[in-house]
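2 protein chains.
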Amino acid sequence: MPVVEFVPGNKRIEVPFRTQLLDAARMAGVEIGTPCGGEGTCGKCVVTVLSGRVDSDSLGQLPAEMVADGQVLACRTRVLEEPVVVEIGEAVERLSLESHDEEATCLVRKELLPKDWDFDPLAVRWRLKIQLPRREDGLFDLERVTRAIRRDWGKLTIVYSLTAMRQVARALRAEDGLVTVTLIREPGQLRAIRVEPGDRTTGHHALAVDVGTTTVAAQLISLTHGKVLGTCSDYNAQIPCGQDVISRINFAKRSTGLQELQSRVLLTVNRLIREVCRNHSVDPSEICNAVISGNTVMTHLLLGLDPEYIRLDPYVPTVKEVGYLTASEVGIDIYPDSWIYFSPCVGSYVGGDITAGLLSTDLATDSEAISLFIDIGTNGEVVVGNCDFLMSCACSAGPAFEGGGVVCGMRAALGAIEKVTVDRETGSAQYSTIGGGKPKGICGSGMIDLLANLRLTGWIDPSGKLDRVRPNPLIEVDGRRAAYQIVPAAETAAGRPVFINEADIENILRAKAAIYSAAALMLNRVGLTFSDLAHVYIGGGFGRFLDLENAILIGLLPDLPREKFHYIGNSSLMGSYMVVVSQDYRQRQLDLAHRMTYLELNTDSSYMDEYTGALFFPHTDLDLFPSVRERMLRGNAKMPKILQV
Amino acid sequence: MPVVEFVPGNKRIEVPFRTQLLDAARMAGVEIGTPCGGEGTCGKCVVTVLSGRVDSDSLGQLPAEMVADGQVLACRTRVLEEPVVVEIGEAVERLSLESHDEEATCLVRKELLPKDWDFDPLAVRWRLKIQLPRREDGLFDLERVTRAIRRDWGKLTIVYSLTAMRQVARALRAEDGLVTVTLIREPGQLRAIRVEPGDRTTGHHALAVDVGTTTVAAQLISLTHGKVLGTCSDYNAQIPCGQDVISRINFAKRSTGLQELQSRVLLTVNRLIREVCRNHSVDPSEICNAVISGNTVMTHLLLGLDPEYIRLDPYVPTVKEVGYLTASEVGIDIYPDSWIYFSPCVGSYVGGDITAGLLSTDLATDSEAISLFIDIGTNGEVVVGNCDFLMSCACSAGPAFEGGGVVCGMRAALGAIEKVTVDRETGSAQYSTIGGGKPKGICGSGMIDLLANLRLTGWIDPSGKLDRVRPNPLIEVDGRRAAYQIVPAAETAAGRPVFINEADIENILRAKAAIYSAAALMLNRVGLTFSDLAHVYIGGGFGRFLDLENAILIGLLPDLPREKFHYIGNSSLMGSYMVVVSQDYRQRQLDLAHRMTYLELNTDSSYMDEYTGALFFPHTDLDLFPSVRERMLRGNAKMPKILQV
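Line order of the protein sequences matches chains A and B.
Position 236 of the first sequence, counting from 1, maps to 236 under my numbering, and the rest follow consecutively.
Position 374 of the second sequence, counting from 1, maps to 374 under my numbering, and the rest follow consecutively.
FYI, nobody ran anything at the bench for these hints, they're computed from the structure.
Be aware that a few hints might be false.
[Stated by the list, open to error] One side of the interface only, derived from the structure: several residues of chain A facing chain B at Cβ under 7 Å: (1) P133; (2) M165; (3) Y309; (4) P314; (5) T318; (6) K320; (7) L325; (8) Y598.
[As the list claims (entries may be wrong)] Residues on chain A that point at chain B, a partial pick, calculated with CB under 10 Å: (9) E136; (10) L162; (11) R166; (12) L172; (13) H300; (14) C345; (15) V346.
A quick note: this is a predicted structure, and the numbers were derived from the prediction, not measured.
Glycine included, each C-beta is placed from N, C-alpha and C at the ideal position.
Extracted from the complex, chain A is given alone in its bound form (with noise of 0.2 Å):
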């Protein structure tokens, strides 16, 4: 069999003739990562084939300079004689955490936070002075832990962690009875998972962790005061399985599908937990306590539950609150007792991470006033309501936004470019990265500003083609398509250029439509129009910054007073940090879940002719764009405002 050995690094394998470079890395324990899940269609999985013979079809996918170059896409690429060298060099993004400054990227209205008052988190680590053993009371070890608990909390049920059990002797003895005791406030009942001599009430943590489709946050969390000491991000390593959740739950049932999908889950989640507590000295199992929030699926593929009727007809899943499970139980790595907390589900496609993101938007409370609330991901969900309704929906956005089925597509991480501007003579990009250095790829925040501003200028027509008659050295056409350069080689950090392609502005299209349409049809559904609105939140991985002027203009969101908007980041990793923190802010989402309604939209038939009607920059109708409509008349290329809540 054919010997494939990829530099630098020199781990070698032996594959059968014609596999597939993308197995032949994931086998020699070479991670490549392919948002897509190796369709080809992503572009990310880029090689260089130094020597040895190979059948590859990246010419489609690739410039062809490139190619030209023996750059190859893994995913496209078959082994057929040895010895195959293959370099994965800077070209290629591989998995890699992202870590965050936490100080600038609290996007949530002030009042909709918890307050110093709200503190009360679901662990804490309490303090006990223990009466010394005596003969005479004939009070056994966890019998006069018992007593000093319900002193303080009163006359609940105390339940003991096998561990804690087996602590509890020693720990009582060794500083005169002073015992620092870890309890975990289950409803009705506290349990007692860790029992250390002395004071030991510092050093206590938490975390909040944000399970996405393609990218996994997991935030760590100061329980002494609720402070966010930092947050590290980075691709689900589930994406090499497949891109979206519909893909997943197709190779869950492989035969050890399931089994895979969830191991490669906790291999993100527990390095982004060894990351962040790396980054801030802390030891992993100094935490006591996680709460997750994940779409359905990536709920159930966490817990190795079968995802399978989840797609089926009628859309069915297993478990809405997952209730008491400990972070050995699950497989994360911190206390083993730990509770694992997940944000609860309340749909096939609206899950913990919509429950956890509502926390930061008016419909956690009792306003009356109505409310939209957009989060922007692989899986897109719309939710509509004000205190007395509350109906959600979900539709199938793609990875595009996070940079998945964009060549040089890329999180919002260092490198990524976030802000564009188009010259409407020269048709050449100004543009802003994040952290400043020289760009590696263009984040969600850039991708919506450079279509905008194409748009605006008139480099792409309103079905989003790129013009092929005005003379522009920028813009390459080869064969059917076109593609538009961002940034030359020259000035890139991979030295390779920055462009989008056609392939990869449809993309955008097709997921700035999904979402749009499934707003617009919600809404139509209760009865409602966008000028009904109050507010509209917007999360999503944005990074800190969302041009709200261009993602209207692009139609991904809708003509509406520009006040009304709210951009809100990450609100799932936010949302988990307030039900870490906050006990009401748990219940305020337990609330949420039992009075959410959720709309089937693989069901509605109406749903195609909305999406269909999206499928233009900004919309077939253009009267639901006045403003759009005004602004492109006017031809208005000023400086985008940035909404920066």
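Based on these hints, arrange chain B on the given structure of chain A.
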């Protein structure tokens, strides 16, 4: 280093010069039973050295003829020069499983047994017809299961184990919504631990387990009708780490001592489970509940809880009531999410075996008559009370009645001499064995018979010394120590004589004195005497029979009207069974544990006086035993009356 080889089996091990043969065996994976913990007192670890040079100090324990044959005690022999070849033939009573016929061993008074209407087990397998998934109601799988359970069981909280969650999606869709759910009935909630498709209500099993210091017994119960299917028992594999609870606590202080003790007892329990399941063609994974009763130290060791403070003033253990622990947490090899329920403990040396054992006595009812419960084991426990008060204490009796510390002693297992008479003139013994085969050794009931008859016929004196004056070929005097041959070598299974020596007799004397004096002292403490008792219940591993007259004659039991006595056998196992099958009995047990007070004999100075007085057959104060005095005077050697209720 010298090499030691064990035959048959040909296991070889290289060990340092002067390594003890017992340690060499342990290292080579050869298990040799040492009820005394390798103290050189039980004489159980006899092996034959076939070649090589050893340094042995076995002579005090073994008859000269055995030593001349090359037989040595493995615990008293060190390896000198290789190659040492050691035969561990029939002569060694290795750890061996014993399974019992169930029908004949229920010794409990009928009115105290659970009735048909009490059958109400802690774990149930419940058939449910679950509404099929429907798009309209938006109910997730678990919600529909919860609704169906509540329809039958009322508005309880229903929680699901992760395993059950993983099973539910497929199970609900396999047979049109017909499923069988295994439910654990915790206080205030139901825990669903298994969801299977179709009707699986048959084949539902549970375990009752008695974990004794010396002997462990596991009983398989069909929960279809609450019937006992079979029982297996074996020596506790902890024995090589110490013969009684104190020496085990000491062993636990070694660096990995606690872990070793825990894994050894789990080894025994799991082996017994495999065996009893194999005997009855039951898959251990079909067992969904186990009730374990052990003394406080055994309970702590099985859970890996540090037992040190049980032994240290003020004698305070960790846990009385263990709460919800699963089989996988505890390390019991049955269905992983099964509830392992531990019988509640009362004090340092009065544990779950006693709260279980009391269920077979009037003390678990609302009777006003005063009852005494004596559990005869390595740890002896005594409880006195009625519906108004309940007091308990414990004493260290040693393992003599279970075969430990007695050279030819053994458990009440196949081949054990269980009944003995002695001819007044010739001094020769007549005996019968359990199972009727050739004798292998003598069990507790046989020892009681033997000593009573030797005393009655004058072959031993009140202090337990053998008659050295009257000529008798069965009495062999070796230095200061004499031995009495019960069965000549030719008649035994192993071709070695079954005998008892004066050291053995002293161990039995100490055991009976410890128990009698604990009972006497406790009655005294509550202002009662033996004559105030309406019932005396005797528990212990004597097999099916305990000769009451003889037990009184040696002073193990008080001299009371015979009809007051009830021998109830292994009451800890019986009580565990009752808790498995009846929630009412479980509640009775908790009530017993809560209202029982505990008297610490370690700190009672009068105990030593009582004990010293009881170190005679039957007692220094013969006025306490009028019927014995009369019987001795009459020289009445009539056949003993067998007490079999």
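* Asked: Measuring from the C-beta of V346/A to each C-beta in chain B, is the shortest one below 10 Å?
  -> 8 Å, holds
* Satisfaction of the L162/A interface hint, Cβ to chain B closer than 10 Å -> OK, holds: L162/A within 10 Å of chain B, min 5 Å.
* Asked: Would the stated hint for M165/A survive a check requiring a Cβ distance to chain B of less than 7 Å?
  -> 6 Å, holds
* Asked: Taking the closest Cβ pair, is P133/A under 7 Å from chain B?
  -> 4 Å, holds
* Under 7 Å, Cβ to Cβ, is where L325/A needs to be relative to chain B, so tell me if that hint holds or is violated. => 6 Å, holds
* Taking 7 Å as the limit, does the beta-carbon of Y309/A come near enough to a beta-carbon in chain B? -> Holds: closest Cβ of chain B sits about 5 Å from Y309/A, inside 7 Å.
* **Status of the L172/A interface restraint (C-beta, 10 Å, chain B)** => It holds, given that the least Cβ distance between L172/A and chain B is near 9 Å, below 10 Å.
* Restraint satisfaction for Y598/A [CB to CB of chain B, less than 7 Å] -> With Cβ-Cβ at 6 Å, under 7 Å, it holds.
* Asked: Should the hint that T318/A touches chain B count as held when the rule is a Cβ pair under 7 Å?
  -> Hint holds; T318/A Cβ to chain B Cβ min 4 Å, cut 7 Å.
* Asked: Per the CB criterion, is R166/A less than 10 Å away from chain B?
  -> At about 6 Å, which falls below the 10 Å cut-off, the nearest Cβ of chain B leaves the hint on R166/A intact, so it holds.
* Minimum Cβ distance from C345/A to chain B below 10 Å? -> The hint holds - C345/A has a Cβ within 10 Å of chain B, the shortest such distance being about 8 Å.
* To do: May I ask you to test the interface hint for K320/A with respect to chain B, counting a Cβ-Cβ separation under 7 Å as satisfied?
  => 5 Å, holds
Of the numbered hints stated above, none is contradicted by the structure.
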